[in-house]
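Work from the hints to combine the two standalone chains into their complex.
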Amino acid sequence: MAIKKVSLLLACIVSLDLCLLGQDLLPLVRDIGLVGDESSKDFAPPGKLIIGVDVSREAFYKFSDEENVIKAGLFKRGLNTVEIEAGGLFLESGTHVYFLDLKAGDLTLRKEMEIDIQLDSSGVDSGTPRLVKEPEPEYELSLFIGDKLIVSGRKALSKELSFNVELPPLPDGYGPFYEIEKEYKNPLRNSFSIIDAIGAGYSLIKNMIDKKKKQKITAPVQKHEQITVTFMRRDSEGAAKEVTAVINLKVRNDVI
Amino acid sequence: MERARLEKSIKQLKHPSSGFFNTGFSKEGSSFSNYGVGSAGQRAKASFKVEDYDLSPWAEQVLNKILVSWVIPYPKEMKITGVVGILAIINKDGEISSARIVNSSLIVLLDEAALKALKDGSPFPSLPQDFPDKSVEAYFEFQYGD
Numbered sequence: 001m002a003i004k005k006v007s008l009l010l011a012c013i014v015s016l017d018l019c020l021l022g023q024d025l026l027p028l029v030r031d032i033g034l035v036g037d038e039s040s041k042d043f044a045p046p047g048k049l050i051i052g053v054d055v056s057r058e059a060f061y062k063f064s065d066e067e068n069v070i071k072a073g074l075f076k077r078g079l080n081t082v083e084i085e086a087g088g089l090f091l092e093s094g095t096h097v098y099f100l101d102l103k104a105g106d107l108t109l110r111k112e113m114e115i116d117i118q119l120d121s122s123g124v125d126s127g128t129p130r131l132v133k134e135p136e137p138e139y140e141l142s143l144f145i146g147d148k149l150i151v152s153g154r155k156a157l158s159k160e161l162s163f164n165v166e167l168p169p170l171p172d173g174y175g176p177f178y179e180i181e182k183e184y185k186n187p188l189r190n191s192f193s194i195i196d197a198i199g200a201g202y203s204l205i206k207n208m209i210d211k212k213k214k215q216k217i218t219a220p221v222q223k224h225e226q227i228t229v230t231f232m233r234r235d236s237e238g239a240a241k242e243v244t245a246v247i248n249l250k251v252r253n254d255v256i
Numbered sequence: 257m258e259r260a261r262l263e264k265s266i267k268q269l270k271h272p273s274s275g276f277f278n279t280g281f282s283k284e285g286s287s288f289s290n291y292g293v294g295s296a297g298q299r300a301k302a303s304f305k306v307e308d309y310d311l312s313p314w315a316e317q318v319l320n321k322i323l324v325s326w327v328i329p330y331p332k333e334m335k336i337t338g339v340v341g342i343l344a345i346i347n348k349d350g351e352i353s354s355a356r357i358v359n360s361s362l363i364v365l366l367d368e369a370a371l372k373a374l375k376d377g378s379p380f381p382s383l384p385q386d387f388p389d390k391s392v393e394a395y396f397e398f399q400y401g402d
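From first to last, the protein sequence lines are chains A and B. Read in order, the letters of the first sequence correspond to residues 1 to 256 in the working numbering. Read in order, the letters of the second sequence correspond to residues 257 to 402 in the working numbering.
Hints in this document: simulated from the structure, not taken from any laboratory. There could be a bad hint or two in this list.
[To be verified] Which chain A residues face chain B? A few, computed with CB under 10 Å, are given here:
#1 Gly105
#2 Glu138
#3 Arg154
[Unchecked claim] Here are the simulated DSSO-like pairs of lysine-lysine, each with C-alpha atoms no more than 27 Å apart in a straight line:
#4 Lys332/B <-> Lys348/B
#5 Lys103/A <-> Lys332/B
#6 Lys390/B <-> Lys148/A
#7 Lys148/A <-> Lys348/B
#8 Lys390/B <-> Lys335/B
#9 Lys390/B <-> Lys321/B
#10 Lys62/A <-> Lys48/A
#11 Lys241/A <-> Lys211/A
#12 Lys111/A <-> Lys223/A
#13 Lys348/B <-> Lys211/A
#14 Lys148/A <-> Lys332/B
#15 Lys372/B <-> Lys332/B
#16 Lys212/A <-> Lys223/A
#17 Lys250/A <-> Lys48/A
#18 Lys76/A <-> Lys41/A
All values derive from a computational prediction rather than experimental measurement. Backbone N, C-alpha and C define an ideal beta-carbon position, used for all residues, glycine too.
Bound-form chain B, shown alone (with noise of 0.2 Å):
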């Protein structure tokens, strides 16, 4: 019954009408609504080399906090795939200052979901004490299925 119920709504959500979408949120609470249907190349660029701070610890903490507050939306029998891309700007204490939708999976299901994900899993770890910026641009890529 739940199945049936889900499958109905992924089949009406699947091409939503325009202006449908929050397709984000901001620490400010004022949402985007630039929804960005493009691949991993729309992501912003960093505002210093990464290259010269290791993040990976950071990153290892938030990823584990994202992991475990995403929810997948449908039982795994129904085997949807889609891939959601969402740039966020997190400060240096760990809240998140903004999260966009940059890359759609054409599912509300798994975009909110992803969405929700982020935002339950914030606040983050503070960045390290020398992080030489005050804030950081990070690009999420939920993949589900497959």
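So that you can see chain A by itself, here it is in the shape it has in the complex (with noise of 0.2 Å):
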């Protein structure tokens, strides 16, 4: 009956240990998505796309297009990035093929990703007046004599404005001509109360508590299927034309 039980346990150890082993030597990837803002703006369109790979251990990878490897190395567990040029992408609508090889020890593995792209500029001209500088305003002086223009000349605008800056008043015994050596002189502006230096220790140390915290609570950097990029284009005739731009990301089933 002994017998029995430490064989059965030590039949569970074993299964235990081996899917344990299994699990850690799967570069198991976690979660791949498009790193940025889910909508975005911008004058230009997008230079790069960041592609953000949540692997759960070490792994060696490989990312390549159809053709050519683009990006290779290691990647930590957690979460990793690979950078693809997109100058390119965002001429016309289309789909794009990738492929990112992992391998850990014996263990090799394929994931095939599709980065799709529509582009929809709907013949809009919205963007135009925000490429289009308003007109500054013009403050022009001419100087006549008798009926004949002498000349004339504009206001450079950099000093138009004129600020009132309303400065608190000075504490007492405080002047124009403030003289150091007689504050040194006086105990009281040179002393301060211990009760005031135990609150202000006690702030200094609650502000650093306080901005530790708050630095915890950072979000996580964000991945998405999709997202949203705007950006302005000129077209054939020379127009400015915003154009938005879908991009979402498939990926497909393991390959191992």
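Structure below.
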């Protein structure tokens, strides 16, 4: 009976170990997504696309398109990023296929990714006013003598505004000719209350703790399956048009 | 906040009550009360033939001095427009003996800023030695916006 129990226990331990070993060996991709704002606006199409790859363990990787290897290296456990040069991707709508090969020990894993970009300019000229700088108002001065215009000139706008900065009143004893030596001699101005110091120290420590807490709360890098980018482009006639690009990332099943 | 205050003050001052304006100044300190709202046609004729004398180099220096001291009294985003015409008598030594607004923008802020620019820009360079008159009457047109 006892032997049976021991052998059962051993069997369990061995199977659990194998199970864990298998999990450990697999360079498991937990998540893949596009990194960036879900929706953004810019004057130019994005120069690169960032793909975030979250892996459960360290693995060598090779990122390639249908022809060339774009990047290769080592993924650390956690979130890693791969940048794709995207200048050419936003010229027209289309689907672009990429491959991510991962290797850990003897195991290899291939992920196929499709980046689908759909451009929509809708012929709307809505972006033009944003590109055209509003004309600056002109301030002109002309000097006539008799009926003849002798000279005229324009006012540069750099100094047209005068702001009144209201300074708080100076404390007693402070004047325009502040005498440092006198102040040093005044013990009331060179001493401080211990209670105030304790209070100040407490608030300083509290602020530090609060800051640390806030740092912990910081949101992780956002990965999205779809992001939208709006940018400006000139058409064949030279008119600026707003283009909206919807970028979708689809990941195909693992190919081992 | 500042902008709102300015807009309010402009609204209030756009149609000022009579006697509000101090429309000019003179070297002696007596201000002019005759407030003109008119066109450039109101400009006084110079007492000599302008064509005979080239005042351009002097006028350029005067203009530059005024442009430097001209402060636009509102943020450019407010897009206020107006023209202020000031007739000034400038002595041979470059001092302004009198100046008055002959063409108002109907906005006190603009009128005052133009007059102040003229005042702050003075004294101007002396008129050329061989200038045939003791003073010169000059018309300054300050154009705000557009």
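A quick look at each hint next to the structure:
1. Gly105: Since the shortest Cβ distance to chain B is 65 Å, the answer is violated.
2. Glu138: Nearest chain B Cβ about 7 Å off; hint holds.
3. Arg154: holds (8 Å)
4. Lys332/B <-> Lys348/B: violated (36 Å)
5. Lys103/A <-> Lys332/B: Given that 27 Å is the threshold and the Cα spacing comes to 62 Å, the pair is violated.
6. Lys390/B <-> Lys148/A: Holds: Lys390/B and Lys148/A sit about 19 Å apart, inside 27 Å.
7. Lys148/A <-> Lys348/B: Holds: Lys148/A and Lys348/B sit about 19 Å apart, inside 27 Å.
8. Lys390/B <-> Lys335/B: violated (40 Å)
9. Lys390/B <-> Lys321/B: Roughly 21 Å between the alpha carbons, so the hint for Lys390/B and Lys321/B holds.
10. Lys62/A <-> Lys48/A: holds (18 Å)
11. Lys241/A <-> Lys211/A: Violated, because 44 Å separates the two Cα atoms, which is more than 27 Å.
12. Lys111/A <-> Lys223/A: Within the cut-off at roughly 17 Å; holds.
13. Lys348/B <-> Lys211/A: violated (69 Å)
14. Lys148/A <-> Lys332/B: Violated. Lys148/A to Lys332/B sits at ~30 Å, over the 27 Å cutoff.
15. Lys372/B <-> Lys332/B: holds (19 Å)
16. Lys212/A <-> Lys223/A: holds (25 Å)
17. Lys250/A <-> Lys48/A: Distance of about 18 Å is within 27 Å: holds.
18. Lys76/A <-> Lys41/A: violated (32 Å)
When the structure is compared with the earlier hints, violations turn up for hints 1, 4, 5, 8, 11, 13, 14, 18 and for no others.
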